[in-house]
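Undergrad: With the hints as constraints, model all of the structure from the sequences given.
Note that the protein sequences, when read in sequence, are chains F and P. Everything in the first sequence is counted per this note's numbering, starting at 123 for the first residue and increasing by one. Everything in the second sequence is counted per this note's numbering, starting at 158 for the first residue and increasing by one.
By construction, these hints were calculated from the structure, which means they are not laboratory data. One should not assume that every hint holds.
[Claimed, not checked] So the derived list for chain P, only partly shown, Cβ under 10 angstroms to chain F, looks like this: (1) G234; (2) P292; (3) G293.
We put the CB at the ideal spot given by N, CA and C, even for glycine.
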Amino acid sequence: MTTAISLNQAIAAQVHDGDTVALEGFTHLIPFAAAHEIIRQRRRDLTLVRMTPDLIYDQMIGAGCAKKLVFSWGGNPGVGSLRRFRDAIENSWPVPLEIEEHSHAGMANRYVAGASGMPFTVMKGYAGTSLPDNTKNVAFIDCPFTGETVAAVAAINPDVGIVHAQRADREGNIQIWGIAGVQREVLLASTRTIVTVEEVVDELDPRPRDIVIPAMAVDFVCEVPGGARPSYALGYYERDNEAYRAWDGISRDRSHFTAWLSEKVLDIT
Amino acid sequence: MSESTGTAAEAWTADEIMSIVGSRALRDGMSCFVGIGIPSTVANLARRTHAPNLVLIYESGPIGSKPSHLPLSIGDGELATTADAVVAVPEMFNYWLQGGHVDMGYLTAAQIDRFGNLNSTIVGSDYGAPDVRLPGAGGAPEIAASCREVTIIMRHNVRAFVPEVDFVTSVGFGDGAGFRKKHGLTGGGPQTVITDLGILRPDSGDGELTLTAVHPGVKTEDVLASTQWPLRVAREVGVTEPPTPGELEALRALKSS
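TA: Written out as structure tokens, the structure is:
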């Protein structure tokens, strides 16, 4: 584990063309800065895994980074559609996008299985829905003790897991408070990991309802203040709801999006 | 937006009466797993009117949120800072929801069918080439499976009320009697469907949705004409209580917050 590395170096070292990459953060602590660095380094053919693709994957999909998306809810929360995601699915722009979709509970359990070193885990869910017809990663099995039929979901073990957090100490222990989503599970399920943080501090003094993820789950910590904008980091800045609303217009047509991508991502060093 | 209904003295929009009647489905002190969109508006309205002790649960992890304004997303910061507890997502779905602790799930969707099955995934017959790609499942399938009861709220029109949904995202009563039991769905399923025209409830036998009440000024024929299948109608169709001035004021204040 090292905390003395730039985001540019961390992405270059950890993320390769063709990798399965999960950038997580459930509304809170979404690692936008890391995604923009992946876009700038022009990674291609990634399988992107995330419960809620959100703006972060809409941008990566529109930038041509993805060949496949594994997800469970693909909207702009409270606003409407993810337009680059839809353009990729409906019109193969800028490249065709294969999709695999689940429920939130299914995705969460797939990460739990991955973090637990299990090939799959079981849950109640999916039964009677159309979801299992469209993925190979859900099956139904009988409980060996009661005979009850339950859903089995295959583990997800991303090549790279990337999350944002509020703080790390100099040893690389990570501290998160507020909505923790699946941050812990995705770090433990992934082969390689990067955590971007608002700040690196000498000591992680307690915060209300915090969790600390020990450094052994983390390869690289990068200090990137504001690295979750326009999502938020509780205690640092609020969710930029105006930016989420404005994205609907920016992403509506390809030329407008492409201009945004150049100005706000590609031309920034 | 919707057009106004009723006389000048009782002017409210169709969306407003839907939200207000929707809020009345929530009882004080119960726990409610709140879906994104209209359900969040309705649940927050109930907490500001007749159900101050409603326990709001959001899939991002907060349990017992008391937001001062309407959140845009299901993970806004205030949902966490005002909550009784904030749990990780696997704990939320596995322990609290699947474990059977949640009284009501409150959902909406793009399509609903005669057995209360919901679609929020695609419109069209070909999954690989849909006419419209919708956001997808989110927390809804397990909310529909495991909450003790489910309330559904959505605008009533022929595009939304279809004989069979194009994609079953969340199960209501499947294809009728016995379906939920056969598939191990432990919750009670959709007990109330609230629309901008009235209220539908499942038949106690096979679960097929039945019109039980209309909003003031709405005729049964209006509801039939807005439903793509021959909708069952209860022998006695009630009329919902009109919004009170207090309910309207609370809703409008909430929407502008």
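Undergrad: Next, verify each hint and record whether it holds.
TA: Status of the hints after comparison with the structure:
Given the 10 angstroms rule on beta carbons, the hint for G234(P) holds: about 5 angstroms separates it from the nearest Cβ of chain F. The beta carbon of P292(P) is positioned within 10 angstroms of a beta carbon in chain F (closest approach about 3 angstroms), and the interface hint is therefore held. Interface restraint check for G293(P): the shortest CB-CB distance to chain F comes to about 5 angstroms, inside 10 angstroms, so the restraint holds.
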